[in-house]
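Enquirer: Each chain, letter by letter, is given below.
Protein chains: 4
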Amino acid sequence: MNSPKLIDPRLELICAARHFYQQGWMVGTSGNLSVRLPDHSFWITASGQCKGELELGDFVRIYPNGTACPEGSRRVEKPSPDVKPSAETAIHQVLYALFPEATSCYHVHSVEANLVSRFVKGDTLPLPPLEMLKGLGVWEENPDCAMSIFDNHLQVSCIVDEIKERFRTIPPQLSALLIRDHGVTIWAPSAKTARNYIELVEYIFRYMVAARGVGVWGVGEERD
Amino acid sequence: MNSPKLIDPRLELICAARHFYQQGWMVGTSGNLSVRLPDHSFWITASGQCKGELELGDFVRIYPNGTACPEGSRRVEKPSPDVKPSAETAIHQVLYALFPEATSCYHVHSVEANLVSRFVKGDTLPLPPLEMLKGLGVWEENPDCAMSIFDNHLQVSCIVDEIKERFRTIPPQLSALLIRDHGVTIWAPSAKTARNYIELVEYIFRYMVAARGVGVWGVGEERD
Amino acid sequence: MNSPKLIDPRLELICAARHFYQQGWMVGTSGNLSVRLPDHSFWITASGQCKGELELGDFVRIYPNGTACPEGSRRVEKPSPDVKPSAETAIHQVLYALFPEATSCYHVHSVEANLVSRFVKGDTLPLPPLEMLKGLGVWEENPDCAMSIFDNHLQVSCIVDEIKERFRTIPPQLSALLIRDHGVTIWAPSAKTARNYIELVEYIFRYMVAARGVGVWGVGEERD
Amino acid sequence: MNSPKLIDPRLELICAARHFYQQGWMVGTSGNLSVRLPDHSFWITASGQCKGELELGDFVRIYPNGTACPEGSRRVEKPSPDVKPSAETAIHQVLYALFPEATSCYHVHSVEANLVSRFVKGDTLPLPPLEMLKGLGVWEENPDCAMSIFDNHLQVSCIVDEIKERFRTIPPQLSALLIRDHGVTIWAPSAKTARNYIELVEYIFRYMVAARGVGVWGVGEERD
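Chains as they are written, first to last, in the UniProt record's numbering: chain A, 1 to 224; chain B, 1 to 224; chain C, 1 to 224; chain D, 1 to 224.
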């Protein structure tokens, strides 16, 4: 997971996607990963590809709106006309705009992320006070932490607008958000940290689903 | 998962079967996969072979009834007299007849497919409104979708008759059907899509089993 | 999974053990596998070895009681004095004596086998009417099938005596038995079939645990 | 899993960590493993590294307090100034001090270890009477066994003090302890045994979580 600057950053996305696919978090072509470059453009996975077998040609490069592109008017770099960027590219764009320190943005579809998104009716999911939260930057004893949930509108632009509005008002506690019935998205300052964040939020979701199944920890339950 | 026409199509079935076996969906020699060729014959996995270690000789080629066979009266092509086609070959035949655009038909036996087939007494299983349904062709917000269930008669011909009768009357919403206590079958226009469909329906079944376990989403429950 | 007679039969046990270890069914050195040879001796895994990394030296050859041994008085062939046969060798011996057609006997320790052994207080576990029972030789529609359970005595000889007594009186429906809080044992006419049997019984146990978790099928429940 | 003295003992930690990572027990850089050398120093995993891809440079060597160090005043050997020993090094130190026969100390973070740590409010977790306890040294019929639980203080030194105080008073039944909401730690006389112990305690935790989910065995329940 070293990322010297000379290595094509798509290689890290290929490895991460294969790992997530093998975990069952990117099956059936689902999910999308991106990495931001120093010129503020980013590579994002193309739509409709098996995430366990990505190749360099399965990415699209998106240039920022309003920024001079390296080669004239080009705003998007595609290996072929058939390759389309992920339908959720606009979510990556808004997260990079909101969090300038982020260089990676990963979105995956685990069963558990879908389940926990239904544990509450509202737009905030309380998290259990696990040691693993330290990996997400929460260094407290018995921490009281929550993750934002957004509704899964058919129009991605509606999801984007709600993210922008809510996060500009109330910055999120964690570098992660849930879309209900859909999946989790994280953003991070490096590809290595992004992979860790995905592993950590999925770990917490697995815990929450199992804990609810055995009646150990539930939303609204008292903590000792 | 490229499928240039010159590659033996059995190779894709071998890879898909190994992957499904590793997921626990084709254990104990269970399940059967087929691919249809331009001449309307199809290759199907032989009966009784470990699906994690198939070889080219573990397939039987079935020629359509009433069609002139390439070599005179031959209706079936077998690598050796000991190799028998899957006992459920007739289910593949009826699905290829009903859905002419299908070129692949995959049938697997997950624990979860068996469980969800018991969630209802009737012949239709309502599905949760997950984002993943988009991969099965359902592009709606909060979709109201269902999968057909058939009873697991000892005589495969009885299952075939019920599929033919029901699907001629009411075309299925999805390219998938369940046989109760038995497994799921999908059909698709390419091997790549067939693999995605299996991954997607199994994902939805895993969600349904877990959701019922934790009381999140159940048959007959109101959707918000 | 071919087993030509010239290949050392321990190689098949090494492969099967690694596979079962990777499934979580032989962790912490648990379980034991054996294969019977034409001279009625059998190779069995040694005690205390990691089952994911067995080598040819990790087996002991046991010669039948009362049979002339190939090399005079030798009853046991060990690669070194430190290698001890499995503590449960006597269970393999009694099964080979009871079922002369068996050439392989596999015993593994899944979590699910332990759980289902507690689903009933008595000595018989009813099984759900799954299609997968066909792989264990049950070709009925909606079959009514059960597996024998034995108590886990500290003295293996007590378990052996109970197996002998019960199976001589009432032959088992399936080539499998459970030891409560301990694990499942199967016997089969070939190594290939033995591996399938383990996969099938473990599949059925996984189904039973999940079905009970979601209230789908339970012991004593009516079947429709 | 042979450990001849000439092989660098960090190699065994690298293999064990990769295996545990693949099981989901060391995700997101969590957990820490150590091995003690004949001079009573020990190698421990560095903080913040992915446990699935450790290299020889990802370890720190800790020399015992008050002992003459091989190279003058050096107390810690680090491959580079950036590499920091695990934040929980002091827990390894106290366990090596309490149990002089231990040469390996492994700490992992499974979901199940976190769940079972919440099955009781007090500081002792009763374990189910499984055969697998034999691998942890409990050779009894229907054994009555328990594991110590400690609270997860933010200050590691508080956890260390409680371990020291409790274990000096009441020696533990098993070579294992739980930290609530955090994970399990085991100590063992060899790397091979340490790996087996982790597999065995995690097996028991998986059983306990599933058993509670299906109502088979619970804390406080009568044993038959």
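Hint data in this document are derived by calculation from the structure and do not stem from the laboratory.
Since the model is a prediction, treat every value here as computed from it, not as a measurement.
Here a beta-carbon is modelled for each residue, glycine too, at the ideal position from N, C-alpha and C.
Heads up, some of the hints might be wrong.
To be verified - Taking beta-carbon pairs under 8 Å as the criterion, some of the chain C residues facing chain B (in silico):
1) Pro100
2) Glu101
3) Lys121
4) Met132
5) Gly137
6) Glu141
7) Cys145
8) Ala211
9) Val214
10) Val216
To be verified - With a cut-off of at most 27 Å between alpha-carbon atoms, the simulated DSS-like pairs for lysine-lysine come out as follows:
11) C/Lys192 - B/Lys78
12) C/Lys192 - B/Lys164
13) A/Lys192 - D/Lys192
14) B/Lys121 - A/Lys164
15) B/Lys134 - A/Lys121
16) B/Lys84 - B/Lys164
17) B/Lys78 - A/Lys78
18) D/Lys78 - D/Lys192
19) C/Lys78 - D/Lys192
20) B/Lys121 - C/Lys134
21) D/Lys134 - D/Lys192
22) B/Lys78 - C/Lys134
23) A/Lys134 - D/Lys84
24) C/Lys164 - D/Lys192
25) D/Lys134 - C/Lys121
26) D/Lys121 - A/Lys134
Enquirer: Each hint: holds or not?
Expert: Status of each hint after checking the structure:
1. Using the Cβ-Cβ criterion of 8 Å, the hint placing C/Pro100 at the interface with chain B is not satisfied: the shortest such distance is roughly 23 Å.
2. Interface hint status for C/Glu101: violated, as the beta-carbon distance to the closest one in chain B is roughly 18 Å, over 8 Å.
3. Hint on C/Lys121 is violated. Least Cβ distance to chain B is approximately 25 Å, over the 8 Å limit.
4. Taking 8 Å as the C-beta contact cut-off toward chain B, the hint placing C/Met132 at the interface holds, the least distance being around 6 Å.
5. The closest approach between the C-beta of C/Gly137 and any C-beta of chain B is roughly 12 Å, which is over the 8 Å cut-off, so the hint fails.
6. At its closest, the beta carbon of C/Glu141 sits 4 Å from a beta carbon of chain B; the interface hint therefore holds under the 8 Å criterion.
7. Checking C/Cys145 against chain B: minimum C-beta separation of about 13 Å lies over 8 Å; hint violated.
8. The closest approach between the C-beta of C/Ala211 and any C-beta of chain B is roughly 6 Å, which is under the 8 Å cut-off, so the hint is satisfied.
9. Evaluation of the C/Val214 hint against chain B yields a held restraint, the C-beta minimum of about 4 Å falling below 8 Å.
10. Interface hint status for C/Val216: upheld, as the beta-carbon distance to the closest one in chain B is roughly 5 Å, under 8 Å.
11. Proposed proximity of C/Lys192 and B/Lys78 is supported: the alpha carbons are some 22 Å apart, at most 27 Å.
12. Taking the CA atoms of C/Lys192 and B/Lys164, the gap is near 36 Å; set against the 27 Å cutoff, the hint is violated.
13. With a CA separation close to 30 Å, the supplied pair A/Lys192 and D/Lys192 exceeds the 27 Å bound.
14. With a CA separation close to 45 Å, the supplied pair B/Lys121 and A/Lys164 exceeds the 27 Å bound.
15. Between B/Lys134 and A/Lys121 the CA atoms are separated by roughly 23 Å; this keeps the pair inside 27 Å, and the hint holds.
16. Straight-line distance between C-alpha atoms of B/Lys84 and B/Lys164 comes to about 24 Å, which keeps the hinted pair within the 27 Å bound.
17. Proximity of B/Lys78 to A/Lys78 is assessed by CA-CA distance (about 45 Å); at most 27 Å being required, the pair is judged violated.
18. For a cut-off of 27 Å, the pair hint linking D/Lys78 to D/Lys192 stands: about 25 Å separates their Cα positions.
19. Only pairs whose Cα atoms come within 27 Å are accepted, and C/Lys78 paired with D/Lys192 is accepted, the gap being roughly 22 Å.
20. With a C-alpha separation of about 23 Å, the suggested pairing of B/Lys121 with C/Lys134 holds against the 27 Å cut-off.
21. Restraint check for D/Lys134 and D/Lys192: the C-alpha separation of about 16 Å stays at or below 27 Å, so the hint holds.
22. Simply put, B/Lys78 and C/Lys134 have alpha-carbon atoms about 24 Å apart, close enough for the 27 Å limit, and the pair holds.
23. Restraint check for A/Lys134 and D/Lys84: the C-alpha separation of about 16 Å stays at or below 27 Å, so the hint holds.
24. Note on C/Lys164 and D/Lys192: the hinted pairing is violated, with a Cα-Cα distance of about 36 Å set against a maximum of 27 Å.
25. Only pairs whose Cα atoms come within 27 Å are accepted, and D/Lys134 paired with C/Lys121 is accepted, the gap being roughly 23 Å.
26. At roughly 23 Å between alpha-carbon atoms, D/Lys121 and A/Lys134 fall within 27 Å of each other, so this suggested pair holds.
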